[in-house]
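Protein chains in written order, with the working numbering: chain V, 4 to 342; chain D, 4 to 342; chain H, 4 to 342.
These aren't lab readings, by the way, just hints derived from the structure by calculation.
From a predicted model like this one, the values you see are computed outputs, not experimental measurements.
Treat the hints with care, as some may be off.
It does not matter which identical chain is used: a pair holds within one copy or between any two.
[Said to hold, decoys possible] Simulated crosslink set (BS3-like; lysine-lysine; CA at most 25 Å straight-line):
(1) K295 / K315
(2) K247 / K196
(3) K262 / K295
(4) K332 / K55
(5) K341 / K247
(6) K49 / K196
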Amino acid sequence: MAEYTLEEIAAAVGGTVEGDQSAVVSGLSGIEEAGPEDITFVANPKYESLLKITNAGAVILGEGVDAPGLNVVRVADAYVAFARVLAMFAPEPALPEGVSDLAYIAADTDVDESAAVGPFAVIDAGAKVAARSAICSGAYIGRGSSVGEDCIIYPNVTIRERVTVGDRAIIHPNAVVGSDGFGFATVEGVHHKIPQIGTVVVGDDVEIGAGAAIDRGTMGATVIGDGCKIDNLVQIAHNVTLGKGTILAAQVGIAGSTKVGEYVVMGGQVGLVGHIEVGDRVQIGAQSGVPKSIPPGEIWFGYPARPIMETKRTEAYIRRLGDLYARVKALEKKLEEKG
Amino acid sequence: MAEYTLEEIAAAVGGTVEGDQSAVVSGLSGIEEAGPEDITFVANPKYESLLKITNAGAVILGEGVDAPGLNVVRVADAYVAFARVLAMFAPEPALPEGVSDLAYIAADTDVDESAAVGPFAVIDAGAKVAARSAICSGAYIGRGSSVGEDCIIYPNVTIRERVTVGDRAIIHPNAVVGSDGFGFATVEGVHHKIPQIGTVVVGDDVEIGAGAAIDRGTMGATVIGDGCKIDNLVQIAHNVTLGKGTILAAQVGIAGSTKVGEYVVMGGQVGLVGHIEVGDRVQIGAQSGVPKSIPPGEIWFGYPARPIMETKRTEAYIRRLGDLYARVKALEKKLEEKG
Amino acid sequence: MAEYTLEEIAAAVGGTVEGDQSAVVSGLSGIEEAGPEDITFVANPKYESLLKITNAGAVILGEGVDAPGLNVVRVADAYVAFARVLAMFAPEPALPEGVSDLAYIAADTDVDESAAVGPFAVIDAGAKVAARSAICSGAYIGRGSSVGEDCIIYPNVTIRERVTVGDRAIIHPNAVVGSDGFGFATVEGVHHKIPQIGTVVVGDDVEIGAGAAIDRGTMGATVIGDGCKIDNLVQIAHNVTLGKGTILAAQVGIAGSTKVGEYVVMGGQVGLVGHIEVGDRVQIGAQSGVPKSIPPGEIWFGYPARPIMETKRTEAYIRRLGDLYARVKALEKKLEEKG
Numbered sequence: 004m005a006e007y008t009l010e011e012i013a014a015a016v017g018g019t020v021e022g023d024q025s026a027v028v029s030g031l032s033g034i035e036e037a038g039p040e041d042i043t044f045v046a047n048p049k050y051e052s053l054l055k056i057t058n059a060g061a062v063i064l065g066e067g068v069d070a071p072g073l074n075v076v077r078v079a080d081a082y083v084a085f086a087r088v089l090a091m092f093a094p095e096p097a098l099p100e101g102v103s104d105l106a107y108i109a110a111d112t113d114v115d116e117s118a119a120v121g122p123f124a125v126i127d128a129g130a131k132v133a134a135r136s137a138i139c140s141g142a143y144i145g146r147g148s149s150v151g152e153d154c155i156i157y158p159n160v161t162i163r164e165r166v167t168v169g170d171r172a173i174i175h176p177n178a179v180v181g182s183d184g185f186g187f188a189t190v191e192g193v194h195h196k197i198p199q200i201g202t203v204v205v206g207d208d209v210e211i212g213a214g215a216a217i218d219r220g221t222m223g224a225t226v227i228g229d230g231c232k233i234d235n236l237v238q239i240a241h242n243v244t245l246g247k248g249t250i251l252a253a254q255v256g257i258a259g260s261t262k263v264g265e266y267v268v269m270g271g272q273v274g275l276v277g278h279i280e281v282g283d284r285v286q287i288g289a290q291s292g293v294p295k296s297i298p299p300g301e302i303w304f305g306y307p308a309r310p311i312m313e314t315k316r317t318e319a320y321i322r323r324l325g326d327l328y329a330r331v332k333a334l335e336k337k338l339e340e341k342g
Numbered sequence: 004m005a006e007y008t009l010e011e012i013a014a015a016v017g018g019t020v021e022g023d024q025s026a027v028v029s030g031l032s033g034i035e036e037a038g039p040e041d042i043t044f045v046a047n048p049k050y051e052s053l054l055k056i057t058n059a060g061a062v063i064l065g066e067g068v069d070a071p072g073l074n075v076v077r078v079a080d081a082y083v084a085f086a087r088v089l090a091m092f093a094p095e096p097a098l099p100e101g102v103s104d105l106a107y108i109a110a111d112t113d114v115d116e117s118a119a120v121g122p123f124a125v126i127d128a129g130a131k132v133a134a135r136s137a138i139c140s141g142a143y144i145g146r147g148s149s150v151g152e153d154c155i156i157y158p159n160v161t162i163r164e165r166v167t168v169g170d171r172a173i174i175h176p177n178a179v180v181g182s183d184g185f186g187f188a189t190v191e192g193v194h195h196k197i198p199q200i201g202t203v204v205v206g207d208d209v210e211i212g213a214g215a216a217i218d219r220g221t222m223g224a225t226v227i228g229d230g231c232k233i234d235n236l237v238q239i240a241h242n243v244t245l246g247k248g249t250i251l252a253a254q255v256g257i258a259g260s261t262k263v264g265e266y267v268v269m270g271g272q273v274g275l276v277g278h279i280e281v282g283d284r285v286q287i288g289a290q291s292g293v294p295k296s297i298p299p300g301e302i303w304f305g306y307p308a309r310p311i312m313e314t315k316r317t318e319a320y321i322r323r324l325g326d327l328y329a330r331v332k333a334l335e336k337k338l339e340e341k342g
Numbered sequence: 004m005a006e007y008t009l010e011e012i013a014a015a016v017g018g019t020v021e022g023d024q025s026a027v028v029s030g031l032s033g034i035e036e037a038g039p040e041d042i043t044f045v046a047n048p049k050y051e052s053l054l055k056i057t058n059a060g061a062v063i064l065g066e067g068v069d070a071p072g073l074n075v076v077r078v079a080d081a082y083v084a085f086a087r088v089l090a091m092f093a094p095e096p097a098l099p100e101g102v103s104d105l106a107y108i109a110a111d112t113d114v115d116e117s118a119a120v121g122p123f124a125v126i127d128a129g130a131k132v133a134a135r136s137a138i139c140s141g142a143y144i145g146r147g148s149s150v151g152e153d154c155i156i157y158p159n160v161t162i163r164e165r166v167t168v169g170d171r172a173i174i175h176p177n178a179v180v181g182s183d184g185f186g187f188a189t190v191e192g193v194h195h196k197i198p199q200i201g202t203v204v205v206g207d208d209v210e211i212g213a214g215a216a217i218d219r220g221t222m223g224a225t226v227i228g229d230g231c232k233i234d235n236l237v238q239i240a241h242n243v244t245l246g247k248g249t250i251l252a253a254q255v256g257i258a259g260s261t262k263v264g265e266y267v268v269m270g271g272q273v274g275l276v277g278h279i280e281v282g283d284r285v286q287i288g289a290q291s292g293v294p295k296s297i298p299p300g301e302i303w304f305g306y307p308a309r310p311i312m313e314t315k316r317t318e319a320y321i322r323r324l325g326d327l328y329a330r331v332k333a334l335e336k337k338l339e340e341k342g
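Starting from the given sequences, assemble the full structure and let the hints guide the process.
See below:
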């Protein structure tokens, strides 16, 4: 296990030590679990009261928070510094090294010599894997698909044919990229399959969660913009586009041809109908069902989703319905008495 | 890339050319993206206005739609014709050919000589794969299971033991068919597993989406009728039955023993409780939560789901609650003034 | 197929025969499908009326239910007895036997000699598989992870590095345990990944459903308590804890750091926000969206979720809104007439 002095940690995160800068920490832990050998952090004001009772040996803090009696590494942004310190304490990566003899790599592929391929992974005909990327056990890279530099494709991921994945992408276990879109032309009770001849273009710095499914375009491409972060078990239908930096929490579902802007954030289990547009920087609360387009910058919530203030007002009205029924009854009685 | 004259395309889709029948197109594209080398289509009236500004070289249209100045392939049903033309432009299929030396095929299996099996696929003891079916890389066909003719079983699919899959089925990557149903008998705080000794029967012409999960029956079978189309990440519990031609959009969940009729359509993220019946040709709106049986032919929506007109009326009442509170307040004031 | 006399069955389930104890049954079936060669059961009063018309050769019944003319195996708990009889009729297990030559087992692993490993499964460096456990085809056991005794890890499961799985766990096909938690620190529009250096601890007697995803802790562990039963396509985020005996139906999603107590039951598609606490023995109805902590023992339902009586009262108020509008209109008219 790694060990660092607070001086070393402060240097790594661009901070300063308040207290004993030669103090050594050998682990990183949550404020409630931390012991004297651990460094911890507080980025959320709701946990500041725990600073008085923590057993941590040191704490990473932003400006304006005091921690009497504790060694402090003072930084501009405690959450960002925490991420850097996490990386310092991270165990060895558990990725394949080199190309396993037990992988199948078709003849006409282009696998960079610095790439790694695990046992029982398949790099199918014409596929390309760029420098320093790892294709883990049981993952499948389809015909003519390409994976950029410094990617991690975790075990049992399926990337079908003609898909493009950018640099520094991380695709978590058992995710699927490039499955057929869901389209049928129904004639006299028979659902004829619409061939899905398009593809998926995944940008740089994208994460795709475990078990997520991203369909290929019917024609053209389903597009996942640079820097998008997609959580587990998310469903992205054919010809959806996500602008750069958009974040989708777990189990979100987006129906076909919907265009989502940049830096949009959706909570878990949100559903969007097809063929709508969601503007840049929109935020959508968990489990919302979105039936129509949303202008840029708005915050929506509910089923059906509406601007959040409207939904909250409606919820307040609904909570007071018992009172409203009573008032109407009182009016009726009063009027009755008056004859 | 394929090239066709409009005459060739018209012949293929049973249509007629209005304009230059010797004009050549080399691609198929959406009306907004199409260039002079592309053919496009309009099947949805909402896109008809784009006919005036498209750059497409030709357009597939049904009756009653005009496109002055454009080469038109006139057909009875533009959407069906579009599906056929998509197939004409489809790239080579990216499926395994022949049986890979790197597959594992148990001794007593029955794999047709025209079937294909990819690297690291497993055909377990007693399993059967019929003519022209493709079992892709990393897929698992369990003991005694059978896959019909002309099926595609995509990479990393798991089909457990004693499951029957009909002809022309397509099972998308990482889907699971035949997992244990979720049943426990709880005695004094211990959840004892109910053995799930049944199976799954998948009909002909079925599609099962990426990452979908279809549990086996506790006893008897979970049944997916002929022609059912199941989208990604759908959950089908033990002993559910789906009638023929039923369509389930992504992330639908159906609890145990529920019987769904023929030609039912469910939007994304719909949930159904167990032990209910959904009649033929029922339609259920996205994200609905269905707590009870639905008679044939009805359209339901909402949480909890109700007949759609009822839900829409209720939504209208709810939207006007602010006004209702104001009216009640006005009444109170008026009555107060009258003393 | 197995055959048993009713005397043998009664002995196995600790019951007594009322009728012909030498009668032989060769199958187990639902009460509607059962024929003279089958034994069936009724545990739910709603099916008791079918006792008059069933063709079953025998029926398992608890106290207080009559079945004139039928051979009865009388027991204390019909559902528990049914589970035992199911096991008596269960076909041979379809699991790997021994260690396949086609598996990859890294050099420094500890795989018990009684364990089984299927073709194309991977036991990565430093991993441990204890006695009598089966690791099926295409499953991946990550570096330094351990699987306890008598476990079943079904095909194409991915267990990432440093995960601990207890004894008698069953992990269904294509589930993922130990994927990265979903955490980012956003600075000037760039989402920096928070390294996820924690792990997952899965207790004894746990089931994890097909395609489910359980993320590892950011620091520390995501914890699945002993005896938890998790259905298909469930999402468990980083640092969630589930107390023992908790049951999650399909497609539930639980956001990060939420603490769920013991013997909690959630219906399908329930969503919980992060950083809340759900007390012991709480029950949450299907599709509920839970925005805050729930005290022990309560039953909640709705979107947003509330105590169930409150939600039901609100639903009743909402259903009667048409009537309320009419009453207010009548009051207005009456007051108008009075001038």
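Margin query: Name the hints, by number, that the structure is in violation of.
Written below: Structure breaks hints 4 and 5.
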